[in-house]
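Chains F and E, in that order, give the protein sequences. Everything in the first sequence is counted per the working numbering, starting at 1 for the first residue and increasing by one. Everything in the second sequence is counted per the working numbering, starting at 1 for the first residue and increasing by one.
No wet-lab data here; the hints were simulated from the structure. Model, not experiment: these values are computed from the prediction. Hints are not guaranteed to be accurate.
[To be verified] In the SDA-like style, the derived pairs of lysine to any residue whose C-alpha atoms are separated by at most 20 Å in a straight line are:
#  : chain 1 : residue 1 : chain 2 : residue 2
1  : E       : 92        : F       : 205
2  : E       : 153       : F       : 190
3  : E       : 153       : F       : 202
4  : E       : 92        : F       : 190
5  : E       : 133       : E       : 207
6  : E       : 39        : E       : 239
7  : E       : 92        : E       : 121
8  : E       : 153       : F       : 124
9  : E       : 39        : E       : 66
10 : E       : 39        : E       : 153
11 : E       : 153       : F       : 273
12 : F       : 124       : F       : 145
13 : E       : 153       : E       : 207
14 : F       : 55        : F       : 73
15 : E       : 39        : E       : 194
16 : E       : 153       : F       : 204
17 : E       : 92        : E       : 153
18 : E       : 153       : E       : 135
19 : E       : 39        : E       : 77
20 : E       : 92        : F       : 181
21 : E       : 153       : F       : 191
22 : E       : 133       : E       : 77
23 : E       : 133       : E       : 144
24 : E       : 92        : F       : 202
[Said to hold, decoys possible] Facing chain E, according to a computed beta carbon distance under 8 Å, are these residues of chain F, among others:
#  : residue
25 : 68
26 : 184
27 : 196
[Unchecked claim] Quick list of simulated restraints, FRET-style, between CB atoms:
#  : chain 1 : residue 1 : chain 2 : residue 2 : range
28 : E       : 186       : F       : 270       : 36 to 46 Å
29 : F       : 267       : E       : 87        : 33 to 43 Å
30 : E       : 88        : F       : 270       : 19 to 29 Å
Every residue gets a Cβ at the ideal spot worked out from N, C-alpha and C, and that includes glycine.
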Amino acid sequence: MSSLDHNVTTATGSNRASRTRSRARACSFGQFSISLTVALVIIWSWNGSDFDLLKLANSGTRILDFLGRMLPPDPSVLPVVIASSAETLRIAVLGTVGCVILSAIFGLLAAANLTPRWVHLPVKALLAIIRGLPLILVAMIMVGAVGLGALPGILAITFHATGMLAKFYAESIESVDPAPIEALESAGATMFQRLRFGAWPQIAPDLLRDTLFRFEMNLRESLILGVVGAGGIGFYIQMYVRAFQYEKVATLALVVVGFVVLIELGNSAVRSLLR
Amino acid sequence: MASWAKLMTPAGAISLGDIGFRYGRETRNTLSISELHIKAGQRVALIGASGAGKSTLLKLIDGRLRGWSGSCRVLGQRLDPQRQPPRSWRRKVGFVFQEFALVQRETVRRNVLHGRLGHVEPVLSLLGRFTDKDDHAVDRAMCDVHMDAFADKRVDRLSGGQRQRVAIARCLAQTPRLILADEPISSLDPMTAQSILTILRDRASARNATLILSSHQPALVADYVDRFIALDAGRIVFDGPPDQLHEHRLSGIYRNAAATQHERPHEFA
Numbered sequence: 001m002s003s004l005d006h007n008v009t010t011a012t013g014s015n016r017a018s019r020t021r022s023r024a025r026a027c028s029f030g031q032f033s034i035s036l037t038v039a040l041v042i043i044w045s046w047n048g049s050d051f052d053l054l055k056l057a058n059s060g061t062r063i064l065d066f067l068g069r070m071l072p073p074d075p076s077v078l079p080v081v082i083a084s085s086a087e088t089l090r091i092a093v094l095g096t097v098g099c100v101i102l103s104a105i106f107g108l109l110a111a112a113n114l115t116p117r118w119v120h121l122p123v124k125a126l127l128a129i130i131r132g133l134p135l136i137l138v139a140m141i142m143v144g145a146v147g148l149g150a151l152p153g154i155l156a157i158t159f160h161a162t163g164m165l166a167k168f169y170a171e172s173i174e175s176v177d178p179a180p181i182e183a184l185e186s187a188g189a190t191m192f193q194r195l196r197f198g199a200w201p202q203i204a205p206d207l208l209r210d211t212l213f214r215f216e217m218n219l220r221e222s223l224i225l226g227v228v229g230a231g232g233i234g235f236y237i238q239m240y241v242r243a244f245q246y247e248k249v250a251t252l253a254l255v256v257v258g259f260v261v262l263i264e265l266g267n268s269a270v271r272s273l274l275r
Numbered sequence: 001m002a003s004w005a006k007l008m009t010p011a012g013a014i015s016l017g018d019i020g021f022r023y024g025r026e027t028r029n030t031l032s033i034s035e036l037h038i039k040a041g042q043r044v045a046l047i048g049a050s051g052a053g054k055s056t057l058l059k060l061i062d063g064r065l066r067g068w069s070g071s072c073r074v075l076g077q078r079l080d081p082q083r084q085p086p087r088s089w090r091r092k093v094g095f096v097f098q099e100f101a102l103v104q105r106e107t108v109r110r111n112v113l114h115g116r117l118g119h120v121e122p123v124l125s126l127l128g129r130f131t132d133k134d135d136h137a138v139d140r141a142m143c144d145v146h147m148d149a150f151a152d153k154r155v156d157r158l159s160g161g162q163r164q165r166v167a168i169a170r171c172l173a174q175t176p177r178l179i180l181a182d183e184p185i186s187s188l189d190p191m192t193a194q195s196i197l198t199i200l201r202d203r204a205s206a207r208n209a210t211l212i213l214s215s216h217q218p219a220l221v222a223d224y225v226d227r228f229i230a231l232d233a234g235r236i237v238f239d240g241p242p243d244q245l246h247e248h249r250l251s252g253i254y255r256n257a258a259a260t261q262h263e264r265p266h267e268f269a
């Protein structure tokens, strides 16, 4: 190697080392800035709220007193609990049916491998906005629009769940492997045969799994919809809490827990079949 | 001379004339074939480096390529560069894909049954109704590739060699008169590759079907075909029996391709 070559190599090497060092410095400065910002946000939240560990420790007797007032659970409300639970289940079922129908439409429109950019990008943005709206806010708007009862609950669940389920459907459609569909085309399959035998078997388990997951979420969310007057068991929970009838609240809480566990067990069993 | 040869093409053969094709914004033709005839029942291997045009030629013969120029007649059907060939023709041409192209979550039997979709009444098939003839064709195809014992096993639980057998069975279930196979042994070990080539050769012979396969392993496929067609930059640079393709000629083909790739790397990316 000539001395000129050596000098060029050395210069290039030192330039690269210098660039690496400055990049490392920039990286560590960025990490420090992020850590500082997170710390400041936590301190701001702590000071601004009424969060006090001492106060929490001193309220032990109060918590025990509150739990004591829930015992024994009052079984006299069981007929009301069963009827309102059935209404909650109906809200979740019909809300899921509604969001499945809307999600099938919006999922197809949002799939980047099916529609042009000018269609799927605005649809994806719309779904993101829908997901961003809190369910309680949607339920309050629906109560204002159609009045008290199960209907606003169903509409709120339908609207709110579509934002998430349509996104999942679109992602499933986008993940379809086109090779088997091309193979079916080569074998002489019609368009509907290609969709039925090439695309559907690839996405069906995912769609069913996502729908079951969403149903489970819808059921949990419909439990609290009654708080704003949108039907279901939540209405009675709110009513008994305000009337300080905690033994009745305990019965409601036990039924809700049993209800959710049952649905979750059912869903897990179905999901294991889909693997 | 060329037009006379086209007129004299026997039924069931492939006849190409003045074929030209290029992908998108490429500056050179991916295919430039002035004339090519393949007789019915022949077993042909397409060889050549990556980007030589083997897969594109197979796609053209399979009727899935659009935007080419020239004339192309396959199994008596004149292919249109802008239109899909009719379904009645499609079912006569079977294609074995390089990466198998199977529905992974379905069983072996279901995947092989897909080969019958070109034969069945579309509405009945959508309702899951297939005839005894279809079931018989599926059973026979699975036996031919020795996969009948795995009929109810999911494809995603099979090895690469077994998946390739399923892909071949799907093709055979079509009862094709022409079998096209795009690098069917590229991802297989030598022993499995030989068994796949044996199946392809024997099944094609038993059904009196024409076989065209592409491969990067000329030495391996030489015993299974009776004609080599070597492509380089879309042109036919050798056409003859395997024993006439000498070592120096073969290395020349691959050396030329390597030089072309070096000069125009963006076209091979």
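Here's how the hints hold up against the structure:
no.	hint	result
1	E:92 - F:205	33 Å, violated
2	E:153 - F:190	26 Å, violated
3	E:153 - F:202	16 Å, holds
4	E:92 - F:190	15 Å, holds
5	E:133 - E:207	17 Å, holds
6	E:39 - E:239	13 Å, holds
7	E:92 - E:121	16 Å, holds
8	E:153 - F:124	38 Å, violated
9	E:39 - E:66	24 Å, violated
10	E:39 - E:153	38 Å, violated
11	E:153 - F:273	16 Å, holds
12	F:124 - F:145	26 Å, violated
13	E:153 - E:207	27 Å, violated
14	F:55 - F:73	29 Å, violated
15	E:39 - E:194	25 Å, violated
16	E:153 - F:204	19 Å, holds
17	E:92 - E:153	28 Å, violated
18	E:153 - E:135	17 Å, holds
19	E:39 - E:77	15 Å, holds
20	E:92 - F:181	18 Å, holds
21	E:153 - F:191	27 Å, violated
22	E:133 - E:77	26 Å, violated
23	E:133 - E:144	16 Å, holds
24	E:92 - F:202	26 Å, violated
25	68	54 Å, violated
26	184	6 Å, holds
27	196	5 Å, holds
28	E:186 - F:270: 36 to 46 Å	40 Å, holds
29	F:267 - E:87: 33 to 43 Å	42 Å, holds
30	E:88 - F:270: 19 to 29 Å	42 Å, violated
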